[in-house]
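A.B. asks: As you go down the protein sequences, you meet chains U and S in turn. To convert, count from 1 in the first sequence and add 305; that's this note's numbering. To convert, count from 1 in the second sequence and add 61; that's this note's numbering.
Do not rely on the hints blindly, as some may be mistaken.
Covered stretches of chain U (in silico footprint by chain S; criterion: 3 or more residues with CB under 8 angstroms from a CB of chain S, positions within the stretch not fixed) [stated by the list, open to error]:
1. 374-382
2. 404-412
Label pairs and their calculated CB-CB ranges [to be verified]:
3. U:ARG447 to S:MET62: 40 to 48 angstroms
4. S:ARG283 to U:LYS330: 56 to 64 angstroms
5. U:GLY525 to S:PHE266: 45 to 53 angstroms
Here are some chain S residues the structure puts well away from chain U; computed CB gaps all over 10 angstroms [unchecked claim]:
6. MET106
7. LEU123
8. ALA146
9. ILE165
10. GLU185
It is worth saying that the hints were derived from the structure and are not from the lab. The beta-carbon is built from N, C-alpha and C at its ideal position, and this holds for glycine as well.
As a plain string of letters, each chain reads:
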Amino acid sequence: MCDASKIHPQGPSPHAGETPAAVLKVKGLSCQRGVRLLFDKLDFELRAGHALVVVGRNGAGKSSLLRIVAGLLAATSGRVCLCEGATERPHTEEMHYLGHDDALKGALSVAENLSFWRAMLGATGVPVADALDEVGLGGLERLPVAVLSAGQKRRLAIARLLVSRRRIWILDEPTTALDVNAQARFAELGRAHLDSGGAILAATHAPLDFGPRVGTLQLGAKREVLA
Amino acid sequence: MMAAFWALLRRDMALALRSGGGAGLGVVFFLSVVTIVPFAVGPDMVLLARIGPAILWIGALLASLIGLERLFAADVEDGSLDALAHSSLPLELVAAAKGLAHWIATGLPLVVAAPVLALMLNLEPAAIGAVVLTLLVGTPAVTSLGLIGAAFAGAFRRGGLLIAVLVLPLAIPVLIFAVSATSAAVTGPVPFGTPFRILMGLTLFALVLGPVAAAAALRAARG
Numbered sequence: 306m307c308d309a310s311k312i313h314p315q316g317p318s319p320h321a322g323e324t325p326a327a328v329l330k331v332k333g334l335s336c337q338r339g340v341r342l343l344f345d346k347l348d349f350e351l352r353a354g355h356a357l358v359v360v361g362r363n364g365a366g367k368s369s370l371l372r373i374v375a376g377l378l379a380a381t382s383g384r385v386c387l388c389e390g391a392t393e394r395p396h397t398e399e400m401h402y403l404g405h406d407d408a409l410k411g412a413l414s415v416a417e418n419l420s421f422w423r424a425m426l427g428a429t430g431v432p433v434a435d436a437l438d439e440v441g442l443g444g445l446e447r448l449p450v451a452v453l454s455a456g457q458k459r460r461l462a463i464a465r466l467l468v469s470r471r472r473i474w475i476l477d478e479p480t481t482a483l484d485v486n487a488q489a490r491f492a493e494l495g496r497a498h499l500d501s502g503g504a505i506l507a508a509t510h511a512p513l514d515f516g517p518r519v520g521t522l523q524l525g526a527k528r529e530v531l532a
Numbered sequence: 062m063m064a065a066f067w068a069l070l071r072r073d074m075a076l077a078l079r080s081g082g083g084a085g086l087g088v089v090f091f092l093s094v095v096t097i098v099p100f101a102v103g104p105d106m107v108l109l110a111r112i113g114p115a116i117l118w119i120g121a122l123l124a125s126l127i128g129l130e131r132l133f134a135a136d137v138e139d140g141s142l143d144a145l146a147h148s149s150l151p152l153e154l155v156a157a158a159k160g161l162a163h164w165i166a167t168g169l170p171l172v173v174a175a176p177v178l179a180l181m182l183n184l185e186p187a188a189i190g191a192v193v194l195t196l197l198v199g200t201p202a203v204t205s206l207g208l209i210g211a212a213f214a215g216a217f218r219r220g221g222l223l224i225a226v227l228v229l230p231l232a233i234p235v236l237i238f239a240v241s242a243t244s245a246a247v248t249g250p251v252p253f254g255t256p257f258r259i260l261m262g263l264t265l266f267a268l269v270l271g272p273v274a275a276a277a278a279l280r281a282a283r284g
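Please model the complete structure; the sequences and the hints are all you need to start from.
C.D. replies: Encoded structure:
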């Protein structure tokens with residue numbers, strides 16, 4: 306069975322010597338879609354400064370797991386809980402969820418889309434202009450999103466993670482449509498997030514270079530946690 | 062939380078006004094219905110004046126439903142609703158903000174257009190005033206009830222037919238009391254205030270029921 310206490314960081318912990326606190330715990334999570342049991346009694350935890358990458362074949366339940374953790378899908382059984390500092394706010398307010406869709410409106414401009422999400426999700430991160438520079442969309446502020454390429458839209462969706470500061474990033478195939486440079490840039494942003502004490506739960510097929518503190522959670526026929 | 066509410070309201074209004082159609086379509090539909098009726102009924106001015114308020118209300122009711130089927134469906138399809146669910150705004154207020162934006166973009170222009178169209182139906186000034194007042198109070202109720210159908214259409218990916226089937230029966234009490242308030246203002250014998258107060262009560266009820274039921278539908282779809 307999966308037990309995230311078996312996840313050992315491969316590199317040095319940010320607080321050398323001590324184990325960083327868990328920010329998110331998943332206990333006995335099961336998901337049944339129709340007659341298929343995607344996963345059963347899954348246990349793992351996400352630690353500050355660490356990333357957990359969910360891997361598995363297509364249809365293994367990666368997206369379902371991420372949506373359940375993000376509170377967007379009801380689990381068949383089990384629960385997801387935040388460990389600290391979240392007694393008052395619902396746990397979805399501690400999270401960013403970046404799914405397959407970019408959550409952008411084609412009729413609005415690049416800056417309008419991002420300003421909207423900044424106001425909506427809480428203006429706790431970097432300003433809109435800085436976030437656009439970070440993802441390499443500086444200078445395109447006034448362009449309608451409808452004319453952007455798929456990769457540029459993805460970059461703009463990623464900028465949403467930066468304008469509002471949240472500790473947990475839940476990323477479903479985040480690098481789809483990104484070119485090699487943008488993937489490297491995204492990995493940098495991910496590492497910066499981990500260094501600042503954030504945590505990442507990601508599902509991916511492409512390798513994500515989030516640095517040394519990355520665990521892997523294998524979903525599918527053989528369910529086990531690989532360190 | 063209020064910042065998020067206004068941000069969503071502003072975005073939805075910008076989308077309704079900018080993407081063309083959204084806001085204008087309702088008024089054009091309203092205009093078409095009201096223009097066609099006198100041709101169908103024939104040149105009977107007395108009859109037109111008598112059924113005028115009802116025609117205006119039927120036109121406004123149907124025009125209010127235009128665009129509702131895309132209200133949540135568009136946000137579901139492009140992933141916006143998932144991100145909205147992660148804001149500090151409860152889903153009920155998300156639905157309320159979207160409903161308010163939809164009413165300002167679609168319902169309010171109907172209220173403004175009504176006096177002009179009323180002249181085409183040979184309505185007397187008292188009746189025009191009553192129709193405009195009932196539309197001002199009644200169309201928010203129709204939009205709010207429409208949110209329920211919009212949420213179902215978005216959550217369960219079914220089209221506009223669902224909205225008509227779900228919303229029109231709920232809107233019938235609003236229609237009844239709005240039209241009876243107008244006829245009370247013109248012919249009596251009941252004072253205008255009696256049915257109008259019931260209409261206001263129905264609106265208050267709908268303003269609460271609509272967003273709450275819409276949010277419940279959106280949540281149920283996650284199961």
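A.B. asks: Compare the structure with each hint and give your call.
C.D. replies: Quick rundown of the hints versus the structure:
Under a criterion of three residues with beta carbons nearer than 8 angstroms to beta carbons of chain S, the stated coverage of the stretch 374-382 of chain U is upheld, 5 such residues being counted. Only residues whose beta carbon comes within less than 8 angstroms of a beta carbon in chain S count, and the stretch 404-412 of chain U has 8; three or more means the coverage holds. Range check, ARG447 (chain U) to MET62 (chain S): Cβ separation about 29 angstroms, and the 40 to 48 angstroms hint is violated. Between ARG283 (chain S) and LYS330 (chain U) the CB atoms are about 21 angstroms apart, so this pair departs from the stated range of 56 to 64 angstroms.
Against the hinted window of 45 to 53 angstroms, the Cβ-Cβ separation of GLY525 (chain U) and PHE266 (chain S) comes to about 51 angstroms, which satisfies the hint. Distance check for MET106 (chain S) against chain U: the nearest CB is about 45 angstroms away, which clears 10 angstroms, and the non-interface claim stands. Remark: the non-interface label on LEU123 (chain S) is consistent with the geometry, its nearest Cβ contact in chain U lying 26 angstroms away (cut-off 10 angstroms). Consistency note on ALA146 (chain S): stated as away from chain U, yet its beta-carbon is not over 10 angstroms from all of that chain's, at 6 angstroms minimum.
With 10 angstroms as the threshold on Cβ separation, the claim that ILE165 (chain S) sits away from chain U holds: the shortest Cβ distance comes to roughly 17 angstroms. Against the 10 angstroms criterion, GLU185 (chain S) stays outside the reach of chain U, whose nearest CB is about 43 angstroms from its own CB.
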